[in-house]
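Trainee: As they're listed, the protein sequences go chains C and U. Here this note's numbering = 1-based position in the first sequence + 1319. Here this note's numbering = 1-based position in the second sequence + 2.
The hints are simulated quantities; they were obtained by calculation from the structure and are not laboratory data. Careful, some of the hints might be misleading.
Computed footprint of chain C on chain U; a stretch qualifies when at least three of its residues, placed anywhere within it, have a C-beta under 8 Å from a C-beta of chain C [what the hints assert, rightly or not]: (1) 58-67; (2) 85-94; (3) 102-108.
Calculated cross-link-like contacts (lysine-lysine; reagent style DSBU-like; alpha-carbon spacing at most 35 Å) [unchecked claim]: (4) Lys44/U / Lys1333/C; (5) Lys69/U / Lys1333/C; (6) Lys69/U / Lys58/U; (7) Lys1360/C / Lys58/U; (8) Lys69/U / Lys1385/C; (9) Lys1333/C / Lys1360/C.
Ideal Cβ placement from N, Cα and C applies to all residues, glycine included.
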Amino acid sequence: GAVVSQHPSRVICKSGTSVKIECRSLDFQATTMFWYRQFPKQSLMLMATSNEGSKATYEQGVEKDKFLINHASLTLSTLTVTSAHPEDSSFYICSARGPSYEQYFGPGTRLTVT
Amino acid sequence: QKEVEQNSGPLSVPEGAIASLNCTYSDRGSQSFFWYRQYSGKSPELIMSIYSNGDKEDGRFTAQLNKASQYVSLLIRDSQPSDSATYLCAVKRAGGSYIPTFGRGTSLIVHP
């Protein structure tokens, strides 16, 4: 199957700082990528859809100025959590859309804001 | 009514048994159906996809789709403790949206 990588896998930052998470499709071109957030023992929550070369589409309730998404190439999308606060601590997962609408998930990034 | 519903479980089965996981969906025009497995602390992994009515087998896994009844199921034969995970059902609705909707997942525990 297709491989999607994420970097970093784990990050700890101080409150008020910004954190950038990278998502790469390694062996295929992904015109569409998705960003999810998952709190412990809860289901996946779609945050936004990232389309190469255009603005991301955010789900209701997700602040686009806080969660900046850039999909600059067919293999790279980035999520920047700006002015992070402890309540932003979560497991952030990206996925890339396959040709039959299946999704290939990255390994996730565990963010802890102190 | 939620768009994609799954029993949260946990579903507990003994090793070697068949585990049956079910998922119902509300949009009758849905076209694509997926099962993902998520181990604790890890991201989801695609197990199977199914697009037409009937059964689709892949190793120990069988996906079953019944569009008339609006359900999709996943059977795991000869269940192993390593199958213990949360299983997510995802459904792509008809129409222009290409974003699948995920269920909340069913926790499966396979005990020795």
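Trainee: Each of the hints needs a verdict: does it hold here or not?
Mentor: Consistency of the hints with the structure:
| no. | hint | in the structure |
| --- | --- | --- |
| 1 | 58-67 | violated (count 0) |
| 2 | 85-94 | holds (count 3) |
| 3 | 102-108 | holds (count 5) |
| 4 | Lys44/U / Lys1333/C | holds (24 Å) |
| 5 | Lys69/U / Lys1333/C | violated (49 Å) |
| 6 | Lys69/U / Lys58/U | holds (14 Å) |
| 7 | Lys1360/C / Lys58/U | holds (30 Å) |
| 8 | Lys69/U / Lys1385/C | violated (40 Å) |
| 9 | Lys1333/C / Lys1360/C | holds (24 Å) |
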